[in-house]
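As given, the protein sequences belong to chains A and B, one line each in that order. Take the first sequence: its letter number 37 is residue 37 in our numbering, and every next letter is one higher. Take the second sequence: its letter number 144 is residue 144 in our numbering, and every next letter is one higher.
Think of the hints as simulated: they come from the structure by calculation, not from any bench. Values in this document were obtained by computation on a predicted structure and should not be read as measured data. Just so it is clear, CB atoms sit at the ideal spot from N, CA and C, and this is done for glycine as well. There could be a bad hint or two in this list.
Stated by the list, open to error - Only pairs whose alpha carbons sit at most 30 Å apart, straight line, appear in this in silico DSS-like list of lysine-lysine:
id: 1; chain 1: B; residue 1: LYS179; chain 2: A; residue 2: LYS75
id: 2; chain 1: A; residue 1: LYS179; chain 2: A; residue 2: LYS159
id: 3; chain 1: B; residue 1: LYS159; chain 2: A; residue 2: LYS75
id: 4; chain 1: B; residue 1: LYS103; chain 2: A; residue 2: LYS179
id: 5; chain 1: A; residue 1: LYS128; chain 2: A; residue 2: LYS106
id: 6; chain 1: A; residue 1: LYS75; chain 2: A; residue 2: LYS106
What the hints assert, rightly or not - Under 8 Å between C-beta atoms, here's a sample of chain A residues computed to sit facing chain B:
id: 7; residue: ASP43
id: 8; residue: GLN143
id: 9; residue: ASP156
id: 10; residue: GLU158
id: 11; residue: ALA162
To be verified - Here are some, though not all, of the chain B residues that point toward chain A, as calculated from beta-carbon distances under 8 Å:
id: 12; residue: HIS13
id: 13; residue: SER25
id: 14; residue: GLY27
id: 15; residue: TYR58
id: 16; residue: ALA144
id: 17; residue: LEU190
Below, each chain spelled out in residue letters.
Number of protein chains: 2
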Amino acid sequence: MRRIAIRPATVLHPHPVLLIGTFGSDGKPNLMTASWGGICCSDPPCVAVSLREATLTYHNILGAGAFTVGVPSRKHVQVADYVGIVSGRSHDKFPETGLTPCKSEKVNAPLAAELPFSLECRLLQHHKLGLHTMFIGEIVGIQADEEVLGPMGLPDIEKTRAILWGGLGNNHYFAVGEKLSEAFSAGMSLRGNPRT
Amino acid sequence: MRRIAIRPATVLHPHPVLLIGTFGSDGKPNLMTASWGGICCSDPPCVAVSLREATLTYHNILGAGAFTVGVPSRKHVQVADYVGIVSGRSHDKFPETGLTPCKSEKVNAPLAAELPFSLECRLLQHHKLGLHTMFIGEIVGIQADEEVLGPMGLPDIEKTRAILWGGLGNNHYFAVGEKLSEAFSAGMSLRGNPRT
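Build out the structure end to end from the sequences listed, making use of the hints.
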């Protein structure tokens with residue numbers, strides 16, 4: 001390998017594909033795709049999503065104080081891409097994609113009924129970082145397809161068939177691949193490493 | 001499908017596997033694994049990583065005002081797991097794993113020379129959320145193995161062979177799988193959907 005310095009860029013592997021559900025002040029449900037986001041705190045359980053002020057979702061979250069974060073499956077690739085391309089200001093994305101909006105039981109935001117699971121979030125904080133503003137939501141509930149739950153009673157990535165985005169260096173969606181090894185276990189054998 | 005409500009939990013698919021490089025106040029390089037993190041702003045380019053106050057890395061970042069975020073490849077699974085299990089307070093993780101610490105050219109933090117790429121970050125903000133505190137770093141440089149760069153001159157996920165963590169519902173590392181379709185393109189055909 002030859003290690004070189006390259007220009008600063010927003011690359012990280014992998015990026016998630018997150019479908020953010022919100023209501024407008026007129027009650028219209030909207031859905032948009034975001035990849036700048038992820039879990040950010042274990043207790044309380046929180047998720048962060050960064051959005052540009054230009055998006056309708058930005059204003060919907062501030063207005064309602066709530067949002068949902070849906071995780072699409074492999075069969076939703078086309079839909080996930082579409083809701084990231086067009087604006088809810090000029091499109092009615094639920095009927096256009098065939099997804100069914102359901103009101104969250106816990107917060108004032110819609111979720112798409114067909115997704116494997118959706119986090120229901122209450123807005124806790126938001127921080128303007130630059131082009132993007134980060135919204136931090138407490139996860140107060142989860143709606144999940146019973147069929148995607150694993151032995152822990154939680155969504156199991158082998159059942160949700162979640163997708164990921166390759167990012168700026170390879171602008172494609174990818175499937176989750178083969179299972180490699182157990183976490184918090186695979187590294188234990190290094191404890192006996194003669195170099196320690 | 002049958003949609004049910006489950007308890008709030010920190011599940012999202014996929015989670016990245018991030019190796020955070022920091023210097024202690026004594027100059028000792030440390031590396032730890034984090035999965036609560038990701039890109040959070042395009043301009044300036046920023047990455048967020050959430051850490052518990054109990055970790056050495058938490059204090060190292062506050063002390064140095066800098067950190068690196070390294071992305072491991074499939075061949076680093078065991079190492080990535082190990083540095084998330086033991087503390088830098090009682091272990092010297094670079095020699096223990098065989099990784100080589102190099103000082104970042106841009107910030108006061110080390111990176112592991114063998115990783116496909118590492119983001120060099122200057123601490124911009126930090127926010128206590130609860131058990132975790134979120135550190136937001138501006139990406140001021142990237143060190144990359146020339147062999148993992150794609151046509152865009154950026155790390156290409158098909159070359160980095162990055163891994164992901166399945167999360168609380170399936171506690172294993174996974175490979176990136178098959179390429180599905182092009183982003184910002186796959187959904188365009190829905191524009192002509194008769195439901196619109």
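Exercise. Find the hints from earlier in the document that the structure breaks and name them by number, from lowest to highest.
Key: 4, 13, 14, 15
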